[in-house]
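Number of protein chains: 2
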Amino acid sequence: IELAVDGGDHPDTIATLTGDPLAGVPVNYTGERHELDDVRLLSPVIPRSKVVGVGKNYADHAKEMGGEVPSSPLLFLKPNTSVIGPGETIIRPAGVESLHFEGELAVVIGRICKQVPVERVSEVIFGYTIANDVTARDWQASDGQWARAKGSDTFLPLGPWMNTHLSIEEAEHLSIETRVGETVHQDGSTSQMVRGIAELVSYVSGSMTLLPGDLILTGTPAGVGEMRPGDEVHVSIDGLGTLSNPVADA
Amino acid sequence: IELAVDGGDHPDTIATLTGDPLAGVPVNYTGERHELDDVRLLSPVIPRSKVVGVGKNYADHAKEMGGEVPSSPLLFLKPNTSVIGPGETIIRPAGVESLHFEGELAVVIGRICKQVPVERVSEVIFGYTIANDVTARDWQASDGQWARAKGSDTFLPLGPWMNTHLSIEEAEHLSIETRVGETVHQDGSTSQMVRGIAELVSYVSGSMTLLPGDLILTGTPAGVGEMRPGDEVHVSIDGLGTLSNPVADA
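For the record, the sequence lines run as chains A and B. Under my numbering, think of the first position of the first sequence as 3, with each following residue one higher. Under my numbering, think of the first position of the second sequence as 3, with each following residue one higher.
Treat the hints as calculated values from the structure; they're not laboratory data. It is possible that part of the hints are untrue.
Where chains are identical, the list cannot tell them apart; a pair therefore holds if satisfied intra-copy or between any two copies.
[Unchecked claim] 25 angstroms max Cα-Cα, derived SDA-like pairs, lysine to any residue:
#	residue 1	residue 2
1	Lys116	Tyr31
2	Lys116	Glu90
3	Lys65	Gln142
4	Lys65	Leu176
5	Lys58	Asp40
6	Lys116	Gly241
7	Lys116	Asp62
8	Lys116	Ser100
9	Lys58	Ile170
10	Lys116	Glu174
11	Lys116	Ile48
12	Lys65	Gly146
13	Lys65	Val186
14	Lys65	Gly241
15	Lys58	Gly190
16	Lys65	Val196
17	Lys58	Tyr31
18	Lys58	Ser144
19	Lys58	Arg230
20	Lys116	Arg181
In this text, all values refer to a predicted model and were calculated from it rather than measured experimentally.
Work out the full structure: start from the sequences and follow the hints.
Here you go:
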């Protein structure tokens, strides 16, 4: 789907595309157009290889977690089976008391690449979307490694769409806000990232080949907190819309 | 490829198959047969979703790492971009001094599944292969999370083939040996696993949906050690062959 094809004349509609730009298949418009309210958006991307998260990349969040900003980026992986789309339900697993939201800007990779120099990172970025890096704090503390705490099913809401028209500079100056119901918990800006987008993508690609559809989650601002069954959590980023997901018990 | 189709009459040959059993596409033999020496085997599987490792699942290895067996399985993830096949080169990245081998039995998942009861795990296993869970010890210590230390390119040699004819009980009684050159470093048995195959698969599937081609690495016995550029490392498991890979600097 493409929201901006007509320059914004129909802001609440989507146009149907053919092809898959992430697979290198040319994209064409079918001419079909739907009201946004009449369709259900899915996750804009299902990573075929990996989702790399970056821990403690906002200084205020590192502080609220009782730590410092790491001396090099703190990388972790989330599996593609944790992905859900906008409106889909985040499930709090049995045995988890403290399930936290972490609103984040997600970078979508568009090209096979490795050891990308900082100054060429813009060439390998396909676009941006919103991620909620759902985290089971009890498992994060008990397990040590974060695979289960951050990689369980439904722990990676993505969407509602990808924005493919932002420069890195623009993506680094977006307001980011997370609400639970009406209450604002995270109210920051991507300009507060300790390490910027180019540095992060370059660093990750230094050890791991990146593939089209891979995601880099750029970290979360201060204000993380609990989601409880019955809540609805909303992550909003300028120009990327609002990613909303209800929460339920398993 | 299939090594046992003729009951072992041609042990050093392979038969060509059509189809993809992991994708549910029926498999047929073309009748073509090659000498093993005339072909290059690739990784027998490229996971489409995830590789889940289990830390410290052999008591003697937990002890040599200076720790205890964790009270619940210690899970970590490796990306599919870290996979290489038999004979491919393990690359020691720049800045890594201590690159370790960890010979392991790998379980290949054959069905989409979640929350699999222990007694039904055999229904979701497609087969078994050998893995070398290559680990950069310096990064493992400095990073805290193991994504880079265990997830870098070439850090997951797999192969040389899958054995689809083993019961869980058989797979839990295989000798496993890792050599560097002629020197044996790991000499154990899968019977020494703290948690068995059924318990591990059931546990992982409790939080993450498993997909065909996903791998569960079942942990490494005592005796891990360094690989240096110029070495060749060999992991052998009864009935699964020998996975050999040279090591080089980046």
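Looking at the structure, which of the earlier hints fail to hold?
Going through the list in order, the structure violates hints 1, 5, 6, 7, 14, 17, 20 and respects the others.
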